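Residue 106 is where the sequence shown ends in the numbering used here, and the numbering goes up by one at each step.
Hints are computed from structural coordinates only; laboratory data are not their basis. Only a predicted model underlies this, so the values are computations on that prediction, with no experimental measurement involved.
Taking lysine-lysine and the DSS-like style, the derived pairs with C-alpha atoms no more than 25 Å apart in a straight line are:
id: 1; residue 1: K79; residue 2: K91
id: 2; residue 1: K74; residue 2: K58
id: 3; residue 1: K79; residue 2: K65
id: 4; residue 1: K65; residue 2: K10
id: 5; residue 1: K91; residue 2: K58
id: 6; residue 1: K74; residue 2: K91
id: 7; residue 1: K79; residue 2: K58
Computed Cβ-Cβ distance ranges for the label pairs, DEER-style:
id: 8; residue 1: K74; residue 2: K10; range: 36 to 42 Å
id: 9; residue 1: Q41; residue 2: K65; range: 24 to 30 Å
id: 10; residue 1: D57; residue 2: R14; range: 40 to 46 Å
We put the CB at the ideal spot given by N, CA and C, even for glycine.
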Amino acid sequence: MAKKWGLRVRNWMAQKMDLPQDVMMDLPRITMIGQIHIYIENHRGLITFTDKELRLLLKQGQLQIRGKSFVIKTILPEEILLEGKIDQVLYINENPGGTK
Numbered sequence: 007m008a009k010k011w012g013l014r015v016r017n018w019m020a021q022k023m024d025l026p027q028d029v030m031m032d033l034p035r036i037t038m039i040g041q042i043h044i045y046i047e048n049h050r051g052l053i054t055f056t057d058k059e060l061r062l063l064l065k066q067g068q069l070q071i072r073g074k075s076f077v078i079k080t081i082l083p084e085e086i087l088l089e090g091k092i093d094q095v096l097y098i099n100e101n102p103g104g105t106k
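Throw the hints in and build the complete structure from the sequences for me.
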């Protein structure tokens, strides 16, 4: 109950103060250029990386990116730039009970 109320307050504040919701609500910001570049801000860490898959930890769940020929061009504590052929971007939500 308290989490939902807090989320509503942050959402209301973001709207009233005209702030981007990704800033107030701790959401990832994802920028894609076609299927060749993806830039993700506000992630919580790298979980998996291969030339075909990248998986990042988010505040709530994970972000999975699948494709081919992946190369990490830039990686910072909360930002990552990935190049390659991107076929799929998938959110994996975590429920409070720990199940997907």
